[in-house]
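Residue-level listing of the chains:
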Amino acid sequence: MKAAPFEYARAASIAEACDLLARHGDSAKLLAGGQSLVPMMAMRLVRPAFLVDINEIAALKFVRREKDAARIGACTRQCVVERDEALTERVPLLRQALKWVGHIQTRNRGTVGGSLAHADPSAELPLAAQVLGAKMALRSAKGTRVLDAEKFFSGPMTTAMRPDECLEEIHWPAWSWRHTGSAFTEISVRHGDFAMVAAAAQIAIDGDGRCVRAAFGLGGAGGTPLAFPKIAARLVGTRLDDAVVNDAAHAAATETEPGGDLHASAEYRRHLAGVLAARALREARERARSM
Amino acid sequence: MSETLHPISVEVNGKRRSSQVPARLSLVDWLREDLYLTGTHIGCEHGICGACSVMLDGESVRSCLMYAVQADGHRVTTVEGLANPDGSLSVLQDSFCETHGLQCGYCTPGMLIASQALLNSNPNPSEAQIRDAIGGNLCRCTGYQQIVEAVRLAAERIAKEAK
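As you go down the protein sequences, you meet chains L and V in turn. Numbering-wise, the numbering used here puts 240 at position 240 of the first sequence, and it's gapless, one number per residue. Numbering-wise, the numbering used here puts 23 at position 23 of the second sequence, and it's gapless, one number per residue.
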């Protein structure tokens with residue numbers, strides 16, 4: 001046993017989980033896949049007095065494909081999303097991002113909502129959520145509210161969720177343009193490790209090859225995953241030549257304020273940010289052209 | 001202090017096992033210390049090394065990243081559950097011997113679980129797929145080459161047996 005003692009309850013429903021959170025306040029924490037929380041508890045970086053296990057709540061596990069969005073229950077395992085062909089057709093960035101997340105053993109257990117709520121600034125799913133403008137549906141004993149990814153991620157490992165709230169489901173917008181392509185890439189010490197920097201992009205073009213919509217972002221380059229809507233908007237109407245794409249990537253990199261550590265200095269991370277953003281944009285463009 | 005004990009009932013390698021556990025007892029500690037199933041190894045205890053891999057309802061997971069109480073009502077397969085019913089080595093285990101897929105043996109139970117999970121879902125994996133499947137398992141002796149060979153050999157043997 002490595003974690004400090006805690007009280008444990010297995011919630012049978014979302015309502016029960018919310019009640020337990022309301023009762024125990026910020027001394028309680030939700031336990032989803034546990035792939036981040038359990039190691040943090042083993043190292044005693046966190047010591048919640050009460051764990052509310054939401055793994056057995058069937059209502060939190062679903063993938064629903066709608067016309068212009070996919071809705072995913074917060075406790076859906078990452079491996080389920082990774083394998084879902086119809087979902088991948090609708091929101092391809094999800095599988096592309098998950099390829100870089102941990103290893104098979106951690107994706108078998110890790111959940112989509114758990115990764116978002118953990119909000120590691122270098123994690124892949126938060127970056128995908130930020131780039132696509134995902135919406136997080138939250139529930140507490142008092143009611144529900146929906147937060148845009150932009151509002152949801154408020155700092156390193158910090159979200160705008162209140163201690164009594166449970167992430168219930170995530171809405172991932174699907175782009176309806178026929179020629180839409182997306183890409184995810186990153187650099188890490190070994191595959192499956194935390195990214196030094198990650199980049200994600202999604203691009204839609206019309207039949208003439210002109211960009212009709214673009215979105216891209218960077219992970220590991222600041223306190224939260226970053227999206228660059230203003231820079232991306234400048235790509236609309238262009239033919240996305242390499243020079244245009246590289247300019248946008250460079251502009252985004254200049255806006256980042258990455259930290260430095262043993263593995264990569266801040267300067268190197270900013271360099272990677274430009275290189276990887278350009279790479280993701282070009283890859284997304286090629287996929288859009290081939291659709 | 002006395003901690004609350006939670007009753008659990010888990011199917012481990014085909015047998016129902018019941019216990020009373022404190023919430024913070026990890027699944028791997030329960031397997032090793034309460035059930036004496038010491039085949040599953042503990043390496044890092046925070047989800048990096050993969051030595052403690054077991055199958056939970058047929059899918060490989062890290063047993064140091066789960067509390068035993070969470071396994072209540074589920075099905076766990078440890079490395080002990082991979083051998084044939086008469087105790088002889090499975091094709092995969094024997095292939096590890098054949099290709100010298102182990103040296104110190106510390107990572108071996110995790111490697112076996114990861115590779116068996118792969119073969120269960122993909123009976124004819126490519127080298128890249130094998131490397132991806134064991135990507136979350138650290139081995140400090142073999143350089144991985146013989147482990148990859150072992151999984152390939154097992155896949156070939158299983159395919160031959162099926163004919």
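Calculated directly from the structure, the hints in this document are not laboratory data. Glycine included, every Cβ here is placed at the ideal spot set by N, Cα and C. You may find that some hints are simply not true.
[What the hints assert, rightly or not] Footprint (simulated), chain L over chain V, 3 or more residues, beta carbon under 8 Å:
hint, segment
1, 10 to 19
2, 61 to 70
3, 77 to 84
[Stated by the list, open to error] Okay, the calculated beta carbon distance ranges per label pair:
hint, chain 1, residue 1, chain 2, residue 2, range
4, V, N120, L, F62, 41 to 51 Å
5, V, T4, L, L45, 22 to 32 Å
6, V, D34, L, R289, 42 to 52 Å
Verification of the supplied hints:
Three residues within the 8 Å Cβ limit are the bar, and the segment 10 to 19 of chain V against chain L gives 0, so the coverage statement is violated. Counting residues of the segment 61 to 70 of chain V whose CB falls under 8 Å from any CB of chain L gives 8; the rule of at least 3 is met. For a cut-off of 8 Å, the count of residues in the segment 77 to 84 of chain V with a CB near a CB of chain L stands at 0, and the three-residue condition is violated. Range check, V/N120 to L/F62: Cβ separation about 25 Å, and the 41 to 51 Å hint is violated.
Distance hint for V/T4 and L/L45: a CB-CB separation of about 23 Å, consistent with the stated range 22 to 32 Å. Distance hint for V/D34 and L/R289: a CB-CB separation of about 59 Å, inconsistent with the stated range 42 to 52 Å.
Violated hints for the displayed structure, listed by number in ascending order: 1, 3, 4 and 6.
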